[in-house]
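Spelled out, the chains give:
Protein chains: 2
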Amino acid sequence: MNPAIQYVRDNRKRHLDQLTELLRIPSISTDPEKKKAIGQAADWVSSRLKEAGCTKVKIHKTAGHPIVYGEWLGAPGKPTLLVYGHYDVQPVDPLELWHTPPFEPTLRDEKLYARGASDDKGQVIIHVNALEAHLQTTGSCPVNLKFVIEGEEEIGSPHLDPFIGENSKMLACDAVVVSDTAMFAKGVPSICYGLRGLAYLQIDLTGTDSDLHSGTFGGAVVNPANALVAMLASLKDANGKIKIPGFYDNVRKLKAKERKAFASLPHSDSRYKKALGAPALFGEKGYTTLERTYARPSLDINGIWSGFTGEGAKTVIPAKAHAKISMRLVPDQTAKEIARKVKKHLKAIAPKSVKIEVTPLHGGEAWLADTDHPALAAAGRAMKGAFGRKPVFVREGGSIPVVGTFADVLKVPCVLLGVGLNEDNIHAPNEKMDLDQFYRGNEAAVLLFEEMGAGTPGGKKKKK
Amino acid sequence: MNPAIQYVRDNRKRHLDQLTELLRIPSISTDPEKKKAIGQAADWVSSRLKEAGCTKVKIHKTAGHPIVYGEWLGAPGKPTLLVYGHYDVQPVDPLELWHTPPFEPTLRDEKLYARGASDDKGQVIIHVNALEAHLQTTGSCPVNLKFVIEGEEEIGSPHLDPFIGENSKMLACDAVVVSDTAMFAKGVPSICYGLRGLAYLQIDLTGTDSDLHSGTFGGAVVNPANALVAMLASLKDANGKIKIPGFYDNVRKLKAKERKAFASLPHSDSRYKKALGAPALFGEKGYTTLERTYARPSLDINGIWSGFTGEGAKTVIPAKAHAKISMRLVPDQTAKEIARKVKKHLKAIAPKSVKIEVTPLHGGEAWLADTDHPALAAAGRAMKGAFGRKPVFVREGGSIPVVGTFADVLKVPCVLLGVGLNEDNIHAPNEKMDLDQFYRGNEAAVLLFEEMGAGTPGGKKKKK
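Residue numbers (the UniProt record's numbering), protein chains in the order written: chain F, 1 to 464; chain L, 1 to 464.
Derived pair list, reagent style BS3-like, types lysine-lysine, alpha-carbon separation capped at 25 Å:
#1 L/Lys274 <-> F/Lys355
#2 L/Lys241 <-> L/Lys260
#3 F/Lys355 <-> L/Lys285
It should be emphasised that the hints constitute simulated quantities derived from the structure, not laboratory data.
Could you put the whole structure together from the sequences, leaning on the hints where they help?
Shown next, in the form of structure tokens:
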């Protein structure tokens, strides 16, 4: 038995207890009242990196939340792998839908329930555990490691790009690994080679100076809530096609080869629908479910609010109406281009009876890896070793904007080795991590370091 | 000088202090947590009726909030006037937009700011003050009086109709007077002869079992917020016409005479727009602003909520989306008919990818009085005496469902003698009552009793 594998097996309880500690910290990056928790989470990560064997551990201040850095460079001549992850988490509302409090990690049915269990605390930590396993058993590690664990991923990583730019020498490496995605399914390990981008905007409409009585004034003035629903409804047609001028201009067409590969994945619409509890699936006509989420852009209302939302009936014409909308983007759309087009279109269609403000809140670029790169093959072998099955190559509908930055600034490949599951309820109530996924994740990271450190590391810079 | 008029002038401060006391009680009828305040308000009204000289004062329990009754029947042979009003008030959110707390009545620029100042505490009380004025100065009152002051007007008076039905003998009268409307404008007294009805519904859509990550799932499933805005947007066309099948079937056409009368009122769209702070007015094409609010049905979103509504960006596909909508109705639409048609239509247009629930919350019928009735003439003379100008005859876009009930059950005319102003911000933050309106209102009530008690009372039952 591989001693590092034996080590993570022997230390399952300790590693789980440590994760539980981290999950108790309510490090919601978007909430200004959680600044203290953010600091606590950064401190925790910093201590854990030191404990695992990292040197030069430092909490780098930014204008926002800090970035924790640590490294282990004790394998001269071996490739260097940069592990990226985040210690911040999504908000927790609607709180009343959580079966147990989001920051009181709770074990049920071999699953650990807590905000951040899968996204991303429970995933980033597997690499720290793997470093510890190698060092504690052999005194060394097959690869050099650099850790960059930030606190603003859930708000678009506004200070990470400058950090990478300013510290590109410190961060120089042969490959980046990110564990912040889901496997294709439980029992179906996967390597993700594509991510969608994101453009997120807030729309604020104002009608009158004050809320009005809907009897006295109903029919006389525009109701900004009515105006807002009309504007939002017009953004998509009945076939799920987005109607914003120029929206599809730069969308890269799906290749026949990819469509074939997606079609061969063990996906079932009826199982998928049942798992989500959806009465029916719906999306852009002419594309399968996987094609729509992997490789076609989408537009969703993430939040809408106006007027009276309490119990009972209040007969008011609201003065204001608000919505948060976001578009998932695919190559070769850019967040900036789409935000500009959407803002322009919304201003053009707003009725003159309302004032409109459109504020871009968040953006990130889509990303596609070269599936032939040896780093991806090495990751594939590690996943096979840990999960007992050759991984499938998939894309992911979500966005990890920093992946594009690493590719651009450090000029290295990026490996997305996710051990979460789609049913982990990330960004939703009752987020969880399956214990089995966590334990196998630790083993996958152990094996990844070995695979990358052996033979021709996939992480080597391609000079071409 | 009329001694009762002199009395209300001498007692302005006392009457204002009393109103202030009542306005301190947060009697929000729709809020289950305000049950105690409802009881306090009913007690206050009961004490005040006794103090003013009423007998048989009683707080009648109902399955909901109590109805306060009191009477003064010391003028045998004279007509009996029933005064209806309500001690409950609307909710106060958005609380942050109030300049002073809604239940801490505050005087600014000769206006009293508080929830309920105009709707209806500050209006119903003028009749109690007027009874007191007559009794304290002459030992008698020109008319017999019955007071019915309820606590559920703002939630559709669910227990008032049964109360009137069961107590029709006790409530027998020659006319009903309601002060719960606004004058046409400051300096332009008016008598209201028409009200719109109301059908109010809540719509709840459910997509998936749980909120979803908008990256992983965006494009795969229907977003109930997107479905809701599409459904709501389809209810009206770009000309403000309501597209629900059969909605206009029973709408009584405006008579040329009424259109002419409305057109002659001292209304200015540009002043109206400016007063509301609206960038532009908007409503059903082919009708003037007054025609739209007085005599055409309307449809408004009163509240909408779904997904993330906090600060920042949360990339979620909400599991649920909700809206409260209401239609103002005109003769001869009925609340029941319209609620049924709207519910049926919403269920028909809901995509099969969401579950839908539609719950009627509130309803009331439109009402139109006979403008030739002598009771309206008597009220006109009282308003002229108090406000120094002959009142104009107007309709009102709001709804007072009980007016229809009084007309149907007691078979008597109803006089809507409102002393509020359109700019009173009823149902909105910073509700207020102009002190001048309140003081003149007391005088209008004093004169109304005299006018109704003298000559051929307008309140006499018409036997035909």
